[in-house]
Amino acid sequence: MEEVDVVGEVCPRPALIVRRRLDDLDPGDELVVTGDFPPAKENLQRTCEKHGCDVQVLDDTDERFRLQIRVLEDWPP
Amino acid sequence: MSDQLTEYAELHGCSCKVGQREVEDLLATAGADEPTPELLLGVGEDAAARQLDGETVLVQTLDYFTPVVDDPFEFGRIAACNAASDAFATGATANLSCLVVLGVPQGLTDVSASILSGMTAMLTGMDGVVAGGHTIHNPWPLAGGAVTATVHPDDLLSMSEATPGDNLYLTKPLGTQPATGALRVQESEFAETVGNQTDRPIDHIGADAIEWMTTPNTKAAVVAREHASAATDVTGFGLAGQARTLAERANVGIELTDAPVIEGTPELSALFGYGLEDGESAETSGGLLVSVPTSETTAFEESLRAEGVFHSRVGHVTDGTGVDTTTLSLEPVSD
Chain A
1 MEEVDVVGEV
11 CPRPALIVRR
21 RLDDLDPGDE
31 LVVTGDFPPA
41 KENLQRTCEK
51 HGCDVQVLDD
61 TDERFRLQIR
71 VLEDWPP
Chain B
1 MSDQLTEYAE
11 LHGCSCKVGQ
21 REVEDLLATA
31 GADEPTPELL
41 LGVGEDAAAR
51 QLDGETVLVQ
61 TLDYFTPVVD
71 DPFEFGRIAA
81 CNAASDAFAT
91 GATANLSCLV
101 VLGVPQGLTD
111 VSASILSGMT
121 AMLTGMDGVV
131 AGGHTIHNPW
141 PLAGGAVTAT
151 VHPDDLLSMS
161 EATPGDNLYL
171 TKPLGTQPAT
181 GALRVQESEF
191 AETVGNQTDR
201 PIDHIGADAI
211 EWMTTPNTKA
221 AVVAREHASA
231 ATDVTGFGLA
241 GQARTLAERA
251 NVGIELTDAP
261 VIEGTPELSA
271 LFGYGLEDGE
281 SAETSGGLLV
291 SVPTSETTAF
301 EESLRAEGVF
311 HSRVGHVTDG
321 TGVDTTTLSL
331 EPVSD
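From first to last, the protein sequence lines stand for chains A and B. Sequential numbering from 1 applies to the first sequence in the working numbering. Sequential numbering from 1 applies to the second sequence in the working numbering.
The reader is advised that the hints may include incorrect statements.
[As the list claims (entries may be wrong)] Listed below are several chain A residues computed to face chain B (Cβ distance under 7 Å; list not exhaustive):
no.: 1; residue: G8
no.: 2; residue: P12
no.: 3; residue: L16
no.: 4; residue: L44
no.: 5; residue: R46
no.: 6; residue: T47
Note that these hints are calculated values from the structure, not bench results. Since we're looking at a predicted model, the values are computed, not measured. Backbone N, C-alpha and C define an ideal beta-carbon position, used for all residues, glycine too.
One chain only, chain A, in its complex shape (with noise of 0.2 Å):
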């Protein structure tokens, strides 16, 4: 599984470095990501959704989220 660590990042950087890094997984692939930015959670959330990948929150504290991305079969966008 891979992890990205998008902590001390803000808008719009994480999604731009978690695209990054989904352009180079295949369908089935994972991809697990570390951050505190409250709002790159959802953001991050609302994009993997709506663009081919399924997202599931392993983590949700004041201080780090973690989400795990899988991507599908209609990645990339």
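Given chain A's structure and the hints, the job is docking chain B onto it.
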């Protein structure tokens, strides 16, 4: 120390606004949500309103935020335009004055003059004055102000009178969040990714956004108070969020069907995940959202056209509850 004003803050423009539910919880916890019978408008409205005499209502509001662009003069213009917008949403455009709120990081005090110059220029252009202010050191730059204006009691607008059957209009296109987000990364390692996302150059999209964020809602307010049943302005909660507030205050439902957007911003929003396609993207210094009875829509549109004010019908008020965006479609707008 960075020369990019936006790099001093982690949230930008109206997107630094605390969420709707958090604010409601805060007010309830502090007991600050009690009715205020001495006021015409109080907590929860765009601005406070107190009737002074039979001819005059005093409208007061406070709004400040973090940099949405790097140019301090433009930041000042946007901050002043945005701060006045809450007063305009109530129809109050006369006797406009602003007490400036400025926050600047230590070591960056030289930009204060440019921010203040931008605010002064914008307020002067709106027939207003800078009446004073307060400046502090703060890790994140802040600009805005406490705005006062007056309006005749008969012309005062609020959110609570929106009525089922009304048409809803918006007086600026949406998309300032993706536009300014793209400006912040156009020199970064993601420049190519962002640039390839849309056919329009990022500079053009950003320039459009700045133009709209510095377009006062003054004329729109003057027309709205003649024809509208209710009005508010679209800012950090986005079109859908502000429509939800309007629906709750008026105890109605709202169906959003069409949203004008700055050309190129839907593609950028899709990349950034800002939710513009659902009306959820935060707006900075957005347009007025105006609820107009069907009997007044023709006159309302004609008056706005005569004043050269952008307007677009975005939906209508229903006898339901909440906001429906399931049929919302975006209509690109370019200068």
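Now the hints, each set against the structure:
no.	hint	result
1	G8	violated (9 Å)
2	P12	holds (4 Å)
3	L16	holds (4 Å)
4	L44	holds (6 Å)
5	R46	holds (4 Å)
6	T47	holds (3 Å)
Violation of the numbered hints given earlier is confined to hint 1; every other hint is satisfied by the structure.
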